[in-house]
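Kindly generate the complete structure, drawing on both the sequences and the hints.
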Amino acid sequence: MNEFDLDQSKIRDFNAALHNPSKATDQSTWKVTNTKGRHAIAVGINSALNLQIDGHVGYYCAGMNQKANVTINGHCGAGVAENMMSGTVTVKGNASQYAGATAHGGLLIIEGDASSRCGISMKGIDIVVKGNIGHMSAFMAQTGRLVVCGDAGDALGDSLYEARLYVRGKVASLGADCIEKPMKEEHKTELKELLERANITDINVEEFHRYGSARTLYNFNIDNVGSY
Amino acid sequence: MSDEELHSWLKASASFPRNVIADIQRAAKTGLYDIRGYGAKRHVPSFDDLLFLGASMSRYPLEGYREKCSTNVTIGTRFAKKPIELDIPITIAGMSFGALSAQAKEALGRGADAVGTSTTTGDGGMTPEEREHSSKLIYQLLPSRYGMNPDDLRKADAIEIVIGQGAKPGGGGMLLGQKISERVAGMRNLPQGIDQRSACRHPDWTGPDDLEIKILELREITDWQKPIYIKIGATRTYYDTMLAVKAGADAIVLDGMQGGTAATQDVFIEHVGIPILPAVRLAVEALTEMNMHRKVQLIVSGGIKSGADVAKALALGADAVSIGVAALIALGDNSPDLEEEYRKLGTSAGYYDDYQDGKDPAGISTQNEELAKRFDPIVGGQKLANYLRVLTLETQTLARACGKNHVHNLEPEDLVALTPEAAAMAKVPLAGTDWIPGVNGM
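Going down the list, the sequences are from chains S and H.
Counting in the numbering used here, the first sequence runs from 607 upward without gaps.
Counting in the numbering used here, the second sequence runs from 3 upward without gaps.
A portion of the hints provided could be inaccurate.
[As the list claims (entries may be wrong)] With a Cα cut of at most 16 Å, we get these calculated EDC-like pairs of lysine to aspartate or glutamate:
hint, chain 1, residue 1, chain 2, residue 2
1, S, LYS616, H, ASP225
2, S, LYS673, H, ASP153
3, H, LYS31, S, ASP829
4, S, LYS642, S, ASP611
5, H, LYS361, H, GLU371
6, S, LYS776, S, ASP829
7, S, LYS794, S, GLU813
8, S, LYS790, S, ASP757
9, S, LYS790, S, ASP829
Simulated from the structure, these hints should not be mistaken for laboratory data.
Okay, here's the thing in structure tokens:
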């Protein structure tokens, strides 16, 4: 176990150790304490290590993660797992704005609530939120899947591309070009698999609604000008 | 009656000249604003409105063909462990694979490499060809984050956070569906053939306080190795420069309203932002006030076309300049050799600005494989290298005439203005006077 106490070590040294291929080997275990809302913790990891973060974190925790399995025992500031490529990031608490923004892959699990713009411009990531999400979530989301076990705020999926959204609770409103779509068997299978990966076994996939792009704004057309 | 005779007595309207009439007619017909590439076409005060005071009695020139006048510049000396060393103070601006063909991007790399300067990626990310042919490659972090990934971030020589560009400060970008080939679509995680919008603001931060943290993240990801540039379109330049410094930039890229684009509304290109002439002076004032001039390097762009422009930008305090449209012209854009083909597109050599259409007969601003194949990246690279050499020689010639043994030793004192407007904007005296409007006298 590699342990860092951020009251004793600089974040720069901690991140550099996580980037050191001789230390950050696959399956190596890491723990960091006294995070105290600090920013840019555990960013740019590029190996399949296991990291436990004890405490609340600031902006961009686990940003651009590749391969690593990161668990945050606390709440997160803005942009957790932004631009993640692969691996898994689990937030035991709540997440602030832009969770999983622009991320290309991997799985982000938020056990509490996520704030506004969750999954903004997502590009392949899977996000599972056990609680609620805020307004403008999945704005311009390109690909990947967003699962919300609670409610979604206003303008869900505004200007959505090909990402698929599953919401169990109420949706305050849908954004431009986002529509409800039928839940077919393939979607139920996909959703069940995502819930299982997030260790959620007590929620029935039948309770979810699916949302996606109407694809009417994919090419600029003057007839659609009122939609913007 | 001939056209010439007819036009000799007809009276044209200053408010509604023929091109304005054509604009109104086009708008009425299509219901769409005009989207085009290139930069602003209107006249604005520019470096052409300044002149150098060559050495004479009170100043001592360097011999034009014999004495050394250095041109090297180092970018990123503030925080980065590995600053960028350039042989010349002229860099290639960010232009995307997508907006340009792979061959054109390769040529930009070849040309820049030949003279020891850098190129810059664009929306769509970094292509292997681009990395291979550019030994100094700046990787842009744009709002769209198309193609953004940590592997390329680590491969880059510097990172440029794009807040805006001179052609459209406050606006995003749009790569129209006709230019979205299978490869471009794949790099951007979007279906082929749809319009690809590049948002006007970043998805995971708002405001300069957040940006400071974003920069911290990028530095931590890359172990504080890479210089981090911030690119801004010229608008509220004095304050933007200060905020960029406060946010932690190693270098600032400042793009004036004359700067080019691949596709934007004409109304945006012509009516938003300020010219590079006042912008460079405002940025230098901000840097000087913060005691950061020459510590945070300033790269300016927007209509740079000659060594005179380069020398004047440096004299006003820039550390380097960047070129985009001029580099494309050097590659072969708007060549008279293609006049017949331009005519088929309803335009003419010297006027072609439909970079958004993907029908570029020069094979530069296109993703059409047949058109792109016409463009030879080796020949194009040689032409660009030649052009960059000429810009450098011209800059040196002017610097020597002012007695400078390094182009960075040029200074505002070497300049005068031809017009009161340029004098006010550049804060150098009107030629033949000691009058700087807004500084001394009225």
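Each hint, compared with the structure:
1. Restraint check for S/LYS616 and H/ASP225: the C-alpha separation of about 13 Å stays at or below 16 Å, so the hint holds.
2. The hinted pair formed by S/LYS673 and H/ASP153 meets the criterion: a straight-line CA distance of about 13 Å does not exceed 16 Å.
3. Restraint check for H/LYS31 and S/ASP829: the C-alpha separation of about 14 Å stays at or below 16 Å, so the hint holds.
4. Distance restraint check for S/LYS642 and S/ASP611: the Cα-Cα separation of roughly 11 Å lies within the 16 Å cut-off, and the hinted pair is therefore satisfied.
5. About 11 Å separates the Cα atoms of H/LYS361 and H/GLU371, which keeps this hinted pair within 16 Å; it holds.
6. This hinted pair does not check out: S/LYS776 and S/ASP829 have alpha carbons roughly 31 Å apart, beyond 16 Å.
7. Only pairs whose Cα atoms come within 16 Å are accepted, and S/LYS794 paired with S/GLU813 is accepted, the gap being roughly 10 Å.
8. A threshold of 16 Å between alpha carbons decides the hint, and for S/LYS790 with S/ASP757 the separation of about 21 Å lies outside it, so the pair is violated.
9. For a cut-off of 16 Å, the pair hint linking S/LYS790 to S/ASP829 is broken: about 31 Å separates their Cα positions.
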